[in-house]
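Add chain B to chain A, keeping to what the hints say.
For the record, the sequence lines run as chains A and B. Residue numbers for the first sequence follow the numbering used here, so the first one is 2 and each next one is one higher. Residue numbers for the second sequence follow the numbering used here, so the first one is 2 and each next one is one higher.
Derived from the structure by calculation, the hints contain no laboratory data. Please note that the accuracy of each hint is not assured.
Identical copies go unnamed one by one, so any copy, or any two together, can satisfy a pair.
[What the hints assert, rightly or not] Subject to a maximum C-alpha distance of 25 Å in a straight line, what follows is the list of computed SDA-like cross-link-like pairs (lysine to any residue):
| hint | residue 1 | residue 2 |
| --- | --- | --- |
| 1 | K343 | T448 |
| 2 | K404 | D42 |
| 3 | K404 | T60 |
| 4 | K404 | R36 |
| 5 | K412 | R36 |
| 6 | K343 | E19 |
| 7 | K401 | T82 |
| 8 | K220 | S74 |
| 9 | K343 | A452 |
| 10 | K220 | L132 |
| 11 | K220 | I253 |
2 protein chains.
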Amino acid sequence: MAEPARLSDASSTQRVVERLRAMLGERLSTAPAVREQHGHDQTWNELGLPDAVAFVQSTEEVAEIVRLCGEASLPVIPFGTGTSLEGHVSAPFGGISIDLSRMDQILEVHTEDLDCRVQAGVTRKALNAYLHDTGLFFPIDPGADASLGGMAATRASGTNAVRYGTMRENVLGLTAVMADGRIIRTARRARKSSAGYDLTRLLVGSEGTLGVITEVSLKLYGIPESIAAGVCAFDSMEGACNAVIQTIQLGIPVARIELLDEAQVRVCNAYSNLGLAERPTLFLEFHGTTAGTAEQSEMFAAIAAEHGGGAFAWATHQEDRNRLWQARHDVFWAGRAYVPGKSALATDVCVPISRLADCVIQTQQDLAEHGLFGPIVGHVGDGNFHVLVFCDMGDPEEIKTVKAFCDRLVKRALAMDGTCTGEHGVGRGKMRYLEAEHGAALEVMRTLKRALDPQNIMNPGKIVTI
Amino acid sequence: MAEPARLSDASSTQRVVERLRAMLGERLSTAPAVREQHGHDQTWNELGLPDAVAFVQSTEEVAEIVRLCGEASLPVIPFGTGTSLEGHVSAPFGGISIDLSRMDQILEVHTEDLDCRVQAGVTRKALNAYLHDTGLFFPIDPGADASLGGMAATRASGTNAVRYGTMRENVLGLTAVMADGRIIRTARRARKSSAGYDLTRLLVGSEGTLGVITEVSLKLYGIPESIAAGVCAFDSMEGACNAVIQTIQLGIPVARIELLDEAQVRVCNAYSNLGLAERPTLFLEFHGTTAGTAEQSEMFAAIAAEHGGGAFAWATHQEDRNRLWQARHDVFWAGRAYVPGKSALATDVCVPISRLADCVIQTQQDLAEHGLFGPIVGHVGDGNFHVLVFCDMGDPEEIKTVKAFCDRLVKRALAMDGTCTGEHGVGRGKMRYLEAEHGAALEVMRTLKRALDPQNIMNPGKIVTI
Chain A
2 MAEPARLSDA SSTQRVVERL RAMLGERLST APAVREQHGH DQTWNELGLP
52 DAVAFVQSTE EVAEIVRLCG EASLPVIPFG TGTSLEGHVS APFGGISIDL
102 SRMDQILEVH TEDLDCRVQA GVTRKALNAY LHDTGLFFPI DPGADASLGG
152 MAATRASGTN AVRYGTMREN VLGLTAVMAD GRIIRTARRA RKSSAGYDLT
202 RLLVGSEGTL GVITEVSLKL YGIPESIAAG VCAFDSMEGA CNAVIQTIQL
252 GIPVARIELL DEAQVRVCNA YSNLGLAERP TLFLEFHGTT AGTAEQSEMF
302 AAIAAEHGGG AFAWATHQED RNRLWQARHD VFWAGRAYVP GKSALATDVC
352 VPISRLADCV IQTQQDLAEH GLFGPIVGHV GDGNFHVLVF CDMGDPEEIK
402 TVKAFCDRLV KRALAMDGTC TGEHGVGRGK MRYLEAEHGA ALEVMRTLKR
452 ALDPQNIMNP GKIVTI
Chain B
2 MAEPARLSDA SSTQRVVERL RAMLGERLST APAVREQHGH DQTWNELGLP
52 DAVAFVQSTE EVAEIVRLCG EASLPVIPFG TGTSLEGHVS APFGGISIDL
102 SRMDQILEVH TEDLDCRVQA GVTRKALNAY LHDTGLFFPI DPGADASLGG
152 MAATRASGTN AVRYGTMREN VLGLTAVMAD GRIIRTARRA RKSSAGYDLT
202 RLLVGSEGTL GVITEVSLKL YGIPESIAAG VCAFDSMEGA CNAVIQTIQL
252 GIPVARIELL DEAQVRVCNA YSNLGLAERP TLFLEFHGTT AGTAEQSEMF
302 AAIAAEHGGG AFAWATHQED RNRLWQARHD VFWAGRAYVP GKSALATDVC
352 VPISRLADCV IQTQQDLAEH GLFGPIVGHV GDGNFHVLVF CDMGDPEEIK
402 TVKAFCDRLV KRALAMDGTC TGEHGVGRGK MRYLEAEHGA ALEVMRTLKR
452 ALDPQNIMNP GKIVTI
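Isolated chain A (complex conformation) (with noise of 0.2 Å):
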């Protein structure tokens, strides 16, 4: 479908930005360095430059700014802290890029009903950090530390989400500005209800195409009192996944559980020293009381084992253990600087766990029929992973190859009937993919965004076209 090249001429466009600067003075940026930085991510999709950048303090200011917006049809663009990777942030049409990083602050923790309210541009890891002291934590961590605004947008998940869930199981209610400047707050403090349409879960993951997210409320949990961690690697790729499918199936609460494939052993060991086995590797951490965590470690140990599983290496210390979650995180950097003149794609599909060892190996195959290098690592108690893969942007034909590469993933991922994103989410880079994962289902999502947004301001040419 053929998309505008903008929603709004020059003229309006300048009136809203003088507006914008009468309001928020110095907080309204137009200057290009600002703009930049707000109009792309570490991906390949194509940049778009806001004309602005409105760096917000309160749910009112944002409700202002897209009601402007709404007069003048200029597109609104959500800025949370810039780390989703699908081109998310974009502004392909223009427009006013909405930083809500400075809405930092937390509103409340209500320790006794295990829940908290933040704006949206508080970061996990500021949150983390301010419950410290609580015994209270939020565990979805997607690597990155995104604001939880962003986070709720992209419906972000990671390495815990196999235990606690991911950002649509986490996220209790929110406050967003709706196309029409309308405030609404979806859910109220309750753990559930049954009142009505499911608001939440319907912005949770809609990538600012609905509304705009300002507060989100969250489930927290208590500290475990014990964690423990480790290391086992695997004869084979099936051995690995089979595995993971039994200590799922067995119930074993496991916190974390993710694979490495060789490549990606490899990388790490580069950049972070880890002197593994270049093998098909997992990384798992248990949460629970003592006897809970030994328990649990012992059941995957015997589990292990039966599928040609080595020795469990425990990281007993928690800087033993922070280190391996920390060399886990940094796999998109190691492999940047394992191959050091390319550019790395970072791309993620999920599969139902019984096909994941078949999706994995069958990609490990077609990067090695095209030559190219792409390291695997994948949240594989939900069937999740992603490949980095490397290309020279200097060389038309590597980007060819890399491109067919990422759509035969996707389709794979799609024959097993798995989805083309498991928790990067949507943004520019897999609109053409919806079509097929859905079928007569995109239509009923085209509705939904013609109605809630019928000018078509809110982060257009993201998600769907309408």
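Just chain B now, with coordinates in the frame of chain A:
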């Protein structure tokens, strides 16, 4: 807001009925007894009989019925087992009741992936009986042997939700017929996805007002190695509630934690011969390994002792456990037997757990002040509780008193940042509270309803009027 007496005139209704009879033969019924059975539930909500009842056998039949009804602006009202409690199945504007109970096939069970796909008419007990030999089970248990389609449509939960979540967390995807007859599948079989708007969660809890759910994909769980259950009486309501809060806060993964107030214990004793002391009492269940459930129950016993809890009475044998939970599930019938001359109204609210003791105690005082009898039982790990309030339907004054009590109960919950219904749903009974609960968000719900059902034929007069 005024509602039309009917949406369709008698002659066009008659034409649809004739076409449906041609299509369905004896699977279309206009018999008064059948219409009567499909037009009411166990509540006080006004009856409204459908013009006919269609006993469907496939998604395609449902789609054809919805298309025909759309041509005549005739309502369609999905019907599962008729166990909902807020008038969901009534037909205030006439129309076709779509009875899904013959869509009772279990279509797929993937033991490796811990998921299944069933037709909407499969009941939870039928699914669990079918699963028995696989070592898996589906935990959500609203008491009644409801259909899984109905449970999805009403976002049901029940005693196990504290551990396993509600239908919101346990539906992986749905097949649904939308108002234009379009058949959609809301999600693929991957455990998680960030690929677009969450249509699954939009339909879960939409009570047939946005689409007719015809198939449900569900998460399954391994039957725990060990199940331990028991009963603990407390000196005070505060003590019992504080024990619950601390249990949740410590992350003890309790599978069920149900509070019965003194009146409820008395009623259960009378019906189920439990012989319990008439004190605020918790029924509990722990799931895990043998060592794990032992540890969980020891930890709980220590918490209970701190809060005025007596000795923990174990239900060690499966028969004792079944008797305990049967008594819990029978509270509705137990109440009716205890107060034979009166009608029983089951209502529910849900509040943040820190407000639970306050809310329950104020509710007990309210009942006492107004001379009403209303045993209280609750899924207290979620802050959700029920009052079964009794009323002499021949006494207009008492009806007024009971209605006023229910109204105060909802307002009390809302004032505590709770919800007007934790799990029963809105139906017709709770519509009047959505404005107070949702404020500006209610208009967003109306926008969604108008967009997805512009003719207002999908279970009209429930949740929102447009």
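Comparing the hints with the structure gives:
no. : hint         : result
1   : K343 to T448 : neither (41 Å within a copy, 48 Å between copies)
2   : K404 to D42  : within (18 Å within a copy, 57 Å between copies)
3   : K404 to T60  : neither (40 Å within a copy, 38 Å between copies)
4   : K404 to R36  : neither (27 Å within a copy, 58 Å between copies)
5   : K412 to R36  : neither (35 Å within a copy, 48 Å between copies)
6   : K343 to E19  : neither (42 Å within a copy, 69 Å between copies)
7   : K401 to T82  : neither (30 Å within a copy, 55 Å between copies)
8   : K220 to S74  : neither (36 Å within a copy, 43 Å between copies)
9   : K343 to A452 : neither (43 Å within a copy, 47 Å between copies)
10  : K220 to L132 : within (12 Å within a copy, 32 Å between copies)
11  : K220 to I253 : both (22 Å within a copy, 16 Å between copies)
Hint compliance for this structure: hints 1, 3, 4, 5, 6, 7, 8, 9 are broken, all remaining hints hold.
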